[in-house]
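Trainee: Chains as they are written, first to last, in my numbering: chain A, 1 to 339; chain B, 1001 to 1282; chain C, 2001 to 2276.
Any given hint could be a false lead.
To be verified - Within a straight-line C-alpha distance of at most 30 angstroms, the following computed BS3-like cross-link-like pairs (lysine-lysine) qualify:
#, chain 1, residue 1, chain 2, residue 2
1, A, Lys69, B, Lys1094
2, A, Lys115, C, Lys2105
3, A, Lys29, A, Lys314
4, B, Lys1094, A, Lys78
5, C, Lys2103, B, Lys1042
6, C, Lys2105, A, Lys25
7, A, Lys215, C, Lys2103
8, A, Lys69, C, Lys2196
9, A, Lys327, A, Lys25
10, C, Lys2103, A, Lys115
11, A, Lys133, C, Lys2105
12, B, Lys1005, A, Lys25
13, C, Lys2196, B, Lys1094
14, C, Lys2103, A, Lys25
15, C, Lys2103, A, Lys16
16, A, Lys78, C, Lys2103
17, A, Lys105, B, Lys1005
18, B, Lys1005, A, Lys19
19, A, Lys223, A, Lys331
20, A, Lys327, A, Lys314
21, A, Lys215, C, Lys2105
22, C, Lys2196, A, Lys137
23, B, Lys1005, C, Lys2105
24, B, Lys1094, A, Lys16
25, C, Lys2103, A, Lys314
26, A, Lys19, C, Lys2196
27, A, Lys105, C, Lys2196
28, C, Lys2196, B, Lys1005
29, B, Lys1094, A, Lys215
30, C, Lys2103, A, Lys19
31, A, Lys16, C, Lys2105
32, B, Lys1005, A, Lys29
It should be emphasised that the hints constitute simulated quantities derived from the structure, not laboratory data.
Note that the structure is predicted; figures quoted are calculated from it, not measured.
As a plain string of letters, each chain reads:
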Amino acid sequence: MPDNVPRLELEGVSKKFGKISVLDKIDLKVMENEFFAILGPSGSGKSTLLRTVIGIETPDEGRILINGKDVTDLPANKRNLSVVFQSYALYPNMTVYQNIAFPLKMRRLTPEAIKKRVLPTAERLGITDILQKNVTKISGGQKQRTALARALVREPAIFLLDEPLSNLDARVRFRAREELRSLQVGLRQSFVYVTHDQFEVSNIANRVAVLHNGKFEQISTFKELYEYPETKWVGDFIGNYPMNFLPASMVAGDRTEGEAGFRTEWIEVSDSGIDCEVQSGETVGDINFLYCIKDDSHFIVKHDRYVEPGSMLKCSVRRCNLYVDGKLVKKDIIGQPQR
Amino acid sequence: MFRWKEDYTAYLLILPAIVYVAFFSFVPSIQAVYESFQTPSKQFVLSNYQLLFQGTDLRNSIYNTVVVTLLALAIQFLVAMVIATILMKEFRGKNFFQVGFMIPFGVATIVASYVFGNDNIFAISGGYANTILHYIGLPQPQWINPNNYIFNVLGLVIADSWKNTPIVAIVLLAGMTTIPPDIYAAATVDGAGAISRFLRITLPNLSNYIAIALIIRGVSEFNIFAMAQFLFPHKILTTLVFSYYGISGTTYLSYAVATILLAFIVLFSTLVLLYRSWSQKS
Amino acid sequence: MNRAWRLIPLYIGVVIILLYTLFPLYILFLLAFTPAAYTTIAIHSGNYPTLYPAGFTLYNLQAAFGIPEIMTALIKSLETAFLVGGLALLIGIPAAYGLSRLKPKIASIISTTLFFANMLPSVTIAIPISATFLRLGLNETFLGLALAQELIVLPLTVFMLLGAFQSLPREIVSQARVDGAGLMTTIYTVIVPLAKAGVAAAFLLSWMMSWDEFTFAVFLSPAQPTLPILIYEYVTRGYILEAAAFSMIVTIPVVVLVIFMAKFLKGEILAGGLNG
C-alpha cells in the first residue's frame, strides 16, 4: 500500500498553446510507493502533462514539487526522474549496456561503479545475455526491458511510464503488465503510468486519475471509477460499455430531478420491471446484448436469451447513482428509477 | 529572484551565428552605404551618385542586369520544370539521371565560365557551339562579339542556367512531392489530360515553391559576377563595381554602385519575406 | 508495346537534358587531354575544333603542374575549404540546435535574419571587408578568406542542420535530458551522433562552396590566389591549356562530392530554409 508521503505534487499547473488551454489548473499528489495511473483519451492533454512533469515543457502557471522541493524551473536533467516512453527512446547508436549505463555516466560514476549497478539491473530484467548487442537488433520485448532497465538503474524520486506496453503484442502485454506491478511492489517506489487504455491499469494501479480536456474529472481507485463515476463523462468513458443514463427523479425526502446512472450488469430482466422496447440485439458466445429504448433513452441489457427486435422486455434496475447536471449527487440508490 | 532558464542557453547557442552574420554582413553593408556618400577628404556628399547618374555606365548596367536576370530565370524555370517532372516518374536509368542533372551544381562558377567562355564553347568564331551549329547546318553567330548584344546575353544566360538549373529543379521537385498523387489519379479519372493536369494541378499547387525559388534565384542572378566577367563584354552592376574598384580614384564610385546593387537586393529580399508572411496567412 | 511508346518523350527529355549538363564537362576533358592543335589552336585560328578526342596527351597537365603557383594555390584552397567547413559546424551545430528549441515565432525571426544576410551581395560586402582586413592584416590570408566565405555558407549550414535535427525522434532527445544530460551534453552525445549523415552533408556542402568560391577570393586574396582565382588569372593572361588542367583539378573532387551527396541536397534547404 502507498505510504502517506507525497513524492510528486502538482499545484494549479496550467499550460496553453496559443489560445488553447491544454492543462487547466491541474492538482495532483502521488504518494511514496504508489502505483498511480493517468488515464485519458488522445487529446486529453496527458502527453503535455507528462512532458511538463519531466521538464521538457514549462507550465504557464502553477508549481511542480518532487520530494517536496519546487522543481518548476529546473530543466529535465536536474529533476531526478526516470521515464520509459512508448517508443522506448533507446539510443540507436549505443549497445544495450551503453543505453542502461547512460544515466549513470551522466552522473559521472566510474566505469566500475556503473558496471556494479548495470549488471544486477540487467539480471533482474533477464537481459544479461544481450548486453553487448546493438539496440536496433533486439526484439520488441527486449527493447521494452532495456528501456525499463535504464529507468531502474538509478534511484529516481519517481518513475514515469508513457504507454510503455502499447508497442508490445497482445500476448506478451498481459505478462509484462503483471511484471511491472510486481516490480513496483518489490521496489517500493512511486510509479506514474500514463495511458489511454483503461484495461491496462484497471488491475494494477492504486489510484487512477481521469484526464479530460486538460482537467482531472476524477481521481480514485479504478473500482470507484467504475461503480461511482463522479461525472457522466467518466461513466461514459470507463468500462466495456458506457454507463446507462435515464432521466429520473428521487422521491425520498425532497424530490430531486436528475438522471439515474447504472451499469448494464445492474439491470435485471424480471416481470416486476418496466416495459422497454428492444431495438436490436447482438450475440457474443452465450451472452446476448440487447439495445433497448425507453422514453427516448437508450441502454444495453445483458440477457441469457435472444429477444427479437421490436418486442417488449420488462427490466428493473437493482441499484443506481443519481446525477444532477452531469455530476454524481447520490450513490447506491435501491429501487426503480422513476420519471 | 533571477533564475537561469534553458531558453537563455538556447539563445546563447545561437548568438555566435548571429554575431557572425551581423559582423560580416550587416556591418560591411552599412559601411558600404556610408562610404558611398564620402569623398577622399571625408565629407558627406551626393556627388558620387550625381556622377553615376550623369553617365551611361550605370544606366546600361542596370538595364543589362535586369535583362540577364529575367532571361536566365525564364530558361532555368522552364528546364527545371521539365527535370522535376521527369524525376516524378519512375523509369529505367532514373538513378543515373538523378545524379547526372545535378553535376553542374558542383562545377565551380569559374570553371563553367572558362568552358563556356571566349576561348571555348562561345568563342567569337569557331567555338564548340558554332562547330555544332556548323554540323547541323545552322548559321553561326559571333557569340562574344560586343556588337552582337543578343548573343552576348544568350551566351551568359545559357552558361549561368547550365550551372544553376539543378538548384531550381530540386526546389520544384520538393514542391511536387508535396502534391498528393491521389489528386492526379482523381483528375485522370475525371478525364484530364497531361497538359490540363499540369496546368490545373501542378502549377497552382506549386505556386509557393515557384515564388520562393523565383525570388531567391532572382536575387542570385543580380549577384552574378565571375561569369559576367568572362562571358559578357558589357557591364552589369557587379562587374561595374569591380571595374571602379580596380581603378584608383573611383573607389567611392564603386561604393555607390555597390549601394545601388544592395538596394535592389534588399528590395527583392523584402519582397520574398512579405510574400512569405502573406502566403502563410492565407 | 504501348507502355514503351509512352516513355519515348520522357527519354527524349532525359537525353536532351543530360547532353546539356554533360557536354561542357566533356569539352573540359577534351581541352585537358587533347593536343592543342585539335582544340584551342583550331579555335583561335577560326577553324572548327574536333568534337571527339582526336589525340591524347598529358602535356597540358604537366605544363600546369610545372607552374610553381599551383601547389600554393591548391594548399590555400584546401586550407580555406576545411576551415570554412569546420567553422560551419562549430558555429552551425549549436545554432541549429538552439533554433530547434526556441518557440517557432522567435526561431522564424532568427532564420529570416540569417536568410537576409545570405542574400546580401558579396560584391558589396567584399569591399568594406577588404578595407577592414587590410588593417587587421588578414588580407591574402586563408583565415581572412575563410571568415568571409563562412558568411555565404553559415546560413545554409544552419538550415541544413536544423532540418536534420528536427527529423530526429523527439522522445530520444527528451529521454537524454531525463537521463541527466545537460543541453550541451545532449548535443554531442545524442543529437550529433544520430544526425551524423546530415552533419556530414552540411560539412561537405560548405567545403564545396568554399572550394568553388570566387567573389570574396578575388577581392580579399588576389595576390596569393586560390585555385579558382588562379584559373581566372591564367585565362586572362592567355594560358588557356593550363587553365583547362587547373579546371580539371578543381572540378573532379566536387563532382565526386555531388555524386556522393545527391540525396542530401534537398530543395527545402537550397530554398534557404524558407519552407522549413
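Trainee: Could you work out which of the previously given hints the structure breaks and list their numbers from low to high?
Mentor: 1, 2, 3, 4, 5, 8, 10, 11, 24, 25, 26 and 29
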